[in-house]
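Student: Each chain is listed here by its residues.
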Amino acid sequence: MKNRIRSSIADSLTSISRIWARNFFLFKRAWLVSAFWIVLEPLFILGALGYGLGSYVTTINGRPYVDFFFPALLCNSSMFVAFFVSTYDNFSKLTYQRTYLTQILTPIEPNEIVLGEILWGATKGTMSAIGVSIIAMFFGLVDPVTILPAFLVIFISSAVFAALGMIVTTMVHNYEQIIYPSSGIIIPMSLFCGTFFPVESLPIGIKQAIYLLPLTHSVSAVRSLLLNGFEWTVLLHSLILIILLVVLTRIAIRRLAGKLLN
Amino acid sequence: MKTVVEAKGLVKQFADKLVVEGINLEIHRGECFGILGPNGAGKTTTMKMMYCSSLVSSGELYVLGLNVKKNHREIKARIGVIPQEDGLDVDFTAKENLLIYSSYYNIDKQVAARRVDELLRLVRLEEDKDKFIHELSGGMRRRLAIARGMINQPELLFLDEPTAGLDPQARVWIWEFLRKIKAEMGTLIITTHYMEEAEQLCDRIALMDHGKVLSVGTPKELIAKYIGKEVVEFECSQKDLNYYLNRLRELGYKYQVIGRMVNIYILPEQEGKKVFDLISSPRMTIRRPTLNDVFLSLAGQYLHEEFM
Numbered sequence: 001m002k003n004r005i006r007s008s009i010a011d012s013l014t015s016i017s018r019i020w021a022r023n024f025f026l027f028k029r030a031w032l033v034s035a036f037w038i039v040l041e042p043l044f045i046l047g048a049l050g051y052g053l054g055s056y057v058t059t060i061n062g063r064p065y066v067d068f069f070f071p072a073l074l075c076n077s078s079m080f081v082a083f084f085v086s087t088y089d090n091f092s093k094l095t096y097q098r099t100y101l102t103q104i105l106t107p108i109e110p111n112e113i114v115l116g117e118i119l120w121g122a123t124k125g126t127m128s129a130i131g132v133s134i135i136a137m138f139f140g141l142v143d144p145v146t147i148l149p150a151f152l153v154i155f156i157s158s159a160v161f162a163a164l165g166m167i168v169t170t171m172v173h174n175y176e177q178i179i180y181p182s183s184g185i186i187i188p189m190s191l192f193c194g195t196f197f198p199v200e201s202l203p204i205g206i207k208q209a210i211y212l213l214p215l216t217h218s219v220s221a222v223r224s225l226l227l228n229g230f231e232w233t234v235l236l237h238s239l240i241l242i243i244l245l246v247v248l249t250r251i252a253i254r255r256l257a258g259k260l261l262n
Numbered sequence: 001m002k003t004v005v006e007a008k009g010l011v012k013q014f015a016d017k018l019v020v021e022g023i024n025l026e027i028h029r030g031e032c033f034g035i036l037g038p039n040g041a042g043k044t045t046t047m048k049m050m051y052c053s054s055l056v057s058s059g060e061l062y063v064l065g066l067n068v069k070k071n072h073r074e075i076k077a078r079i080g081v082i083p084q085e086d087g088l089d090v091d092f093t094a095k096e097n098l099l100i101y102s103s104y105y106n107i108d109k110q111v112a113a114r115r116v117d118e119l120l121r122l123v124r125l126e127e128d129k130d131k132f133i134h135e136l137s138g139g140m141r142r143r144l145a146i147a148r149g150m151i152n153q154p155e156l157l158f159l160d161e162p163t164a165g166l167d168p169q170a171r172v173w174i175w176e177f178l179r180k181i182k183a184e185m186g187t188l189i190i191t192t193h194y195m196e197e198a199e200q201l202c203d204r205i206a207l208m209d210h211g212k213v214l215s216v217g218t219p220k221e222l223i224a225k226y227i228g229k230e231v232v233e234f235e236c237s238q239k240d241l242n243y244y245l246n247r248l249r250e251l252g253y254k255y256q257v258i259g260r261m262v263n264i265y266i267l268p269e270q271e272g273k274k275v276f277d278l279i280s281s282p283r284m285t286i287r288r289p290t291l292n293d294v295f296l297s298l299a300g301q302y303l304h305e306e307f308m
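Residue numbers (the numbering used here), protein chains in the order written: chain A, 1 to 262; chain B, 1 to 308.
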């Protein structure tokens, strides 16, 4: 019995890695396009807001604005990448391309597709943060050692948004409808979750509500790590992200399985 | 083990619709088994339950001796499926499609590379192996999908409408190919609504309509059982129709009216020529019965309504 469970876990991990590997194979071929989107775009934002706008704001909580903003930029861009990969790309795979319907003809099961795709979304989101950080290193914005644990938080955070994207993928009926969650949830998060200004400056009530949103926890944790080093609150924020990830993943699995095995 | 698929009281119920209504089937190793019926008969759904892409609502279904409700991963590892909509991965070339698919089965890379080359040769896509899917013709895509379905050397191959939408040449090639792989590999299960395809390929056939299996047997058996030895076909006007039908009934002939055509099924003990004395129609022929006649006679009532 124990052996059987172990071998079925091994089978699952193999399947999950295959889903990931298919995407990676495609990514390798068109990496320049991806690099433009996931790295260059955030760098433009960094230039315009971190340095451009930042030169007027000068300091927040006693720090240069660009230092305050940079951790949020990493979280923002990895969120966008993970969410959009998980929605636009995966909606095609679920519908027009019939990729998932074909994958379940093999030993791969729907839950493994979901896990593989979330893993891929998290990977690509993290790649964005790593790419931006490498370039920012040359501007003295990043210390190559202290940023490593931040990438772990960004990976978990990206996974949360990939899982959310997967749920969206199973709910929308066409590409246009992806606008609802992206303009309704993702964009507001990228503006209000302590990204461009501290959560503390929001009015009471809204401030508390903002803590219900996952990006607030990603930004808080990454900012702590980059500005103050390790603090216990980092674990708390990470734990909240992990709980969210588990819940959203389970919903995504149930929904996709229902779509594929009707 | 002789039986590769066994269905007992198999039911598929969608939210508001009963699609498969308690069918029983037994499919044997080494045969080409056809599930035949018009669109909407429930053939594809039945087959989907067998290859574990659709959940069984009730009843029992065993594939290769394994329960589809519990052992789907193991079943899927040992079967091959060529769905009607091929689902080829448009992001990759023909060869990459096969390689990626082999990774889903966790086939060793070197083994897979060898097998992919072999399959590309077998389906004559060697020259086109580096083309993307949109650069391939319909026939080539179908051949690639068949190769993909064989990548894990399956014991049992499912084909859903294998030649739907193909030109006659491509169709004949696929028939020939399927005969060849059946001889080498074993068991094929196909769905089709082309009677000709069923007669060409299938050792045994289940005729399905409205979610039920109407009859199972070899094409010959089905023809002998439901039609007889020959068919007389004639066209007549609406005003003569009733007269002729009354006469046919009196003389004990089985017949079927389809639009303005009447098919008379001549049983072994009856004389086909006698009908010629009875009926005067400029368009009257006598011919050998086909599965088409079996189907029309079994599902006739319903088709009759549709065509009128």
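Wrong hints could be hidden among the right ones.
Said to hold, decoys possible - Below are the DSSO-like pairs computed for lysine-lysine, each with C-alpha atoms no more than 30 angstroms apart in a straight line:
id : chain 1 : residue 1 : chain 2 : residue 2
1  : B       : Lys70     : B       : Lys95
2  : B       : Lys17     : A       : Lys28
3  : B       : Lys254    : A       : Lys259
4  : B       : Lys212    : A       : Lys259
5  : A       : Lys259    : B       : Lys8
6  : A       : Lys259    : B       : Lys229
Said to hold, decoys possible - Cβ-Cβ distance ranges computed for the label pairs, FRET-style:
id : chain 1 : residue 1 : chain 2 : residue 2 : range
7  : A       : Thr14     : B       : Glu126    : 46 to 54 angstroms
8  : A       : Glu41     : B       : Ala15     : 52 to 60 angstroms
9  : B       : Lys8      : A       : Lys259    : 25 to 33 angstroms
10 : A       : Phe27     : B       : Ala113    : 15 to 23 angstroms
11 : B       : Lys109    : A       : Ile204    : 37 to 45 angstroms
12 : B       : Ala224    : A       : Lys259    : 57 to 65 angstroms
13 : B       : Glu196    : A       : Gly258    : 37 to 45 angstroms
14 : B       : Phe14     : A       : Ile134    : 26 to 34 angstroms
15 : A       : Thr14     : B       : Gly217    : 40 to 48 angstroms
16 : B       : Lys239    : A       : Lys259    : 37 to 45 angstroms
17 : A       : Tyr88     : B       : Arg124    : 30 to 38 angstroms
18 : B       : Arg114    : A       : Ile134    : 35 to 43 angstroms
19 : B       : Ser137    : A       : Ile134    : 26 to 34 angstroms
20 : A       : Phe27     : B       : Glu118    : 51 to 59 angstroms
Rather than coming from a laboratory, the hints here were simulated on the basis of the structure.
All C-beta atoms in this analysis are idealised placements derived from N, C-alpha and C, irrespective of residue type, glycine included.
Student: Against this structure, judge whether each hint is valid.
Tutor: Results of checking the hints against the structure:
1. For a cut-off of 30 angstroms, the pair hint linking Lys70 of chain B to Lys95 of chain B is broken: about 33 angstroms separates their Cα positions.
2. Distance restraint check for Lys17 of chain B and Lys28 of chain A: the Cα-Cα separation of roughly 46 angstroms exceeds the 30 angstroms cut-off, and the hinted pair is therefore not satisfied.
3. Note on Lys254 of chain B and Lys259 of chain A: the hinted pairing is violated, with a Cα-Cα distance of about 47 angstroms set against a maximum of 30 angstroms.
4. Our distance criterion of 30 angstroms between C-alpha atoms is met by Lys212 of chain B and Lys259 of chain A, whose separation comes to about 26 angstroms.
5. A C-alpha spacing of about 26 angstroms is found between Lys259 of chain A and Lys8 of chain B, which places the hinted pair at or below 30 angstroms, so the restraint holds.
6. With a CA separation close to 48 angstroms, the supplied pair Lys259 of chain A and Lys229 of chain B exceeds the 30 angstroms bound.
7. Between Thr14 of chain A and Glu126 of chain B the C-beta distance comes to about 30 angstroms, which lies outside the given range of 46 to 54 angstroms.
8. The given range of 52 to 60 angstroms is broken by Glu41 of chain A and Ala15 of chain B, whose C-beta atoms sit roughly 44 angstroms from each other.
9. As the Cβ distance of Lys8 of chain B to Lys259 of chain A is approximately 28 angstroms, the hint placing it in 25 to 33 angstroms holds.
10. Phe27 of chain A and Ala113 of chain B have their C-beta atoms about 22 angstroms apart, which keeps the hinted 15 to 23 angstroms range intact.
11. Look at Lys109 of chain B against Ile204 of chain A: about 60 angstroms separates their beta carbons, and that is not inside 37 to 45 angstroms.
12. Range check, Ala224 of chain B to Lys259 of chain A: about 45 angstroms between beta-carbon atoms, so the 57 to 65 angstroms window is missed.
13. At roughly 38 angstroms, the beta-carbon separation of Glu196 of chain B and Gly258 of chain A lies within the given 37 to 45 angstroms, and the hint holds.
14. Taking the beta carbon of each, Phe14 of chain B and Ile134 of chain A are about 52 angstroms apart, not inside 26 to 34 angstroms as hinted.
15. Against the hinted window of 40 to 48 angstroms, the Cβ-Cβ separation of Thr14 of chain A and Gly217 of chain B comes to about 43 angstroms, which satisfies the hint.
16. The supplied range of 37 to 45 angstroms is broken by Lys239 of chain B and Lys259 of chain A, whose beta-carbon atoms lie about 55 angstroms from each other.
17. For the pair Tyr88 of chain A and Arg124 of chain B, the beta carbons lie near 36 angstroms from each other, so the given range of 30 to 38 angstroms is met.
18. Between Arg114 of chain B and Ile134 of chain A the beta carbons are some 40 angstroms apart, a value that agrees with the proposed interval 35 to 43 angstroms.
19. Range check, Ser137 of chain B to Ile134 of chain A: Cβ separation about 46 angstroms, and the 26 to 34 angstroms hint is violated.
20. A hinted range of 51 to 59 angstroms is violated for the C-beta pair Phe27 of chain A and Glu118 of chain B, which are about 29 angstroms apart.
Going through the hint list in order, the structure does not satisfy hints 1, 2, 3, 6, 7, 8, 11, 12, 14, 16, 19 and 20.
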